[in-house]
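Chains as they are written, first to last, in the numbering used here: chain A, 1 to 121; chain B, 1001 to 1166.
In case anyone wonders, no lab produced these hints; they're calculated from the structure.
Treat the hints loosely; a few may be bogus.
With a straight-line cut-off of 20 Å between C-alpha atoms, the simulated SDA-like cross-links for lysine to any residue are [stated by the list, open to error]: (1) A:109 with B:1019; (2) B:1045 with B:1021; (3) A:111 with A:96; (4) B:1122 with A:13; (5) B:1134 with B:1019; (6) B:1122 with A:22; (7) A:109 with B:1076; (8) A:51 with A:72; (9) A:111 with B:1093; (10) A:51 with A:70; (11) B:1017 with B:1130; (12) A:111 with B:1048; (13) B:1017 with A:42; (14) B:1134 with B:1101; (15) B:1134 with B:1102; (16) B:1017 with A:99; (17) B:1013 with A:20; (18) B:1013 with A:34; (19) A:51 with A:17; (20) A:113 with B:1037; (21) B:1017 with A:34; (22) B:1017 with A:26; (23) B:1122 with B:1085; (24) B:1021 with A:111; (25) A:109 with B:1112; (26) B:1056 with B:1093; (27) A:109 with B:1044; (28) A:113 with B:1118; (29) A:66 with A:17; (30) A:111 with B:1085; (31) B:1134 with A:34; (32) A:109 with B:1085; (33) A:109 with B:1130; (34) A:66 with A:99; (35) B:1017 with A:22; (36) A:109 with B:1134; (37) B:1021 with A:109; (38) B:1021 with A:14.
Please read these numbers as outputs of a predicted model, since none were measured by experiment.
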Amino acid sequence: MVQYTSAHLDASFSALSDSTRRGVLEQLGREEASITDLADRFHMTLTGMRKHVAVLEQAGLVVTEKVGRVRTCRIGARRLEEVAAWIDRYHQLWDARFGELDQVIEELKRKEKSDGRKTRK
Amino acid sequence: MDARRGSELFAMKNITKVERKSDREVVVTRSFDAPARLVFEAWSKPELFVRWWVPKSMGMTLRSCEMDVRTGGSYRLEFGDGMDFFGRYLEVTPPSRIVWTNEEGGENDSVTTVTLTETDGKTLLVVSELYPSKEALDADGGGAADAMHETFGQLDELLVELASKS
């Protein structure tokens, strides 16, 4: 069993709570990229992207390396594995559940709507 | 109708959010486009509950489900292969709150609290799982979700899925 460090996980989840940062992770999951590349792709200023990358880096989700003038970003695999395993267990399960719960609830709504014309409980 | 294409933004749909609140507590939040009484109904009627509690992606089949959803009542979910989940309802307050124990874990028993808050016809659902210790939490990972462990794919794939939510 992998031991998870809750402080790390907190930082990771907080980092993942932003859609741009999730997009950055997705992008880096395909190939490494410089801050400039990322800023272009996400239509952001360099400063804005630097902040996002810094958050991801602090959470251990991304590692960066400066070579010359270019800072290259890539996925920080080890920490991600912790988070991924943990997220998988909780998030995938609950998300799948809720997806199916949506359908049950939609059905209840339709039913209530059609019953509602006759009587309300 | 509404945009449901795979690459839609996260904001377009109801997001399932998982947070580790402390060493011992995990909180899952999700909104539903329905009043609380309907969401509560889907949680408290066994015939509805079994339709979503064990998602198809888990690759498990619920063999039986008994639920006496009232304060002091008990429940038991059987999956076969000796995998049973059982416990008691510590509190049931329609349509806003259900609290139950998960007693299959022996010393690692946890308590699950479901809270429903309705606003403008939508319901915010909060599921809290409180464990006796950090170790118990680490060891669990969502109960039956352990069965999914082997199906973990590549890290990159997971990330793509997280990010695109397709």
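Structure-based check of each hint:
no. : hint               : result
1   : A:109 with B:1019  : violated (29 Å)
2   : B:1045 with B:1021 : violated (29 Å)
3   : A:111 with A:96    : violated (23 Å)
4   : B:1122 with A:13   : violated (25 Å)
5   : B:1134 with B:1019 : holds (14 Å)
6   : B:1122 with A:22   : violated (26 Å)
7   : A:109 with B:1076  : violated (28 Å)
8   : A:51 with A:72     : holds (14 Å)
9   : A:111 with B:1093  : violated (23 Å)
10  : A:51 with A:70     : holds (16 Å)
11  : B:1017 with B:1130 : holds (16 Å)
12  : A:111 with B:1048  : holds (13 Å)
13  : B:1017 with A:42   : violated (23 Å)
14  : B:1134 with B:1101 : holds (17 Å)
15  : B:1134 with B:1102 : holds (16 Å)
16  : B:1017 with A:99   : holds (13 Å)
17  : B:1013 with A:20   : holds (16 Å)
18  : B:1013 with A:34   : violated (31 Å)
19  : A:51 with A:17     : holds (14 Å)
20  : A:113 with B:1037  : holds (14 Å)
21  : B:1017 with A:34   : violated (29 Å)
22  : B:1017 with A:26   : holds (18 Å)
23  : B:1122 with B:1085 : violated (30 Å)
24  : B:1021 with A:111  : violated (37 Å)
25  : A:109 with B:1112  : violated (26 Å)
26  : B:1056 with B:1093 : violated (29 Å)
27  : A:109 with B:1044  : holds (16 Å)
28  : A:113 with B:1118  : holds (18 Å)
29  : A:66 with A:17     : violated (26 Å)
30  : A:111 with B:1085  : violated (31 Å)
31  : B:1134 with A:34   : violated (38 Å)
32  : A:109 with B:1085  : violated (30 Å)
33  : A:109 with B:1130  : violated (32 Å)
34  : A:66 with A:99     : violated (42 Å)
35  : B:1017 with A:22   : holds (13 Å)
36  : A:109 with B:1134  : violated (40 Å)
37  : B:1021 with A:109  : violated (33 Å)
38  : B:1021 with A:14   : holds (11 Å)
This entry does not satisfy hints 1, 2, 3, 4, 6, 7, 9, 13, 18, 21, 23, 24, 25, 26, 29, 30, 31, 32, 33, 34, 36 and 37, going by the numbered hints stated previously.
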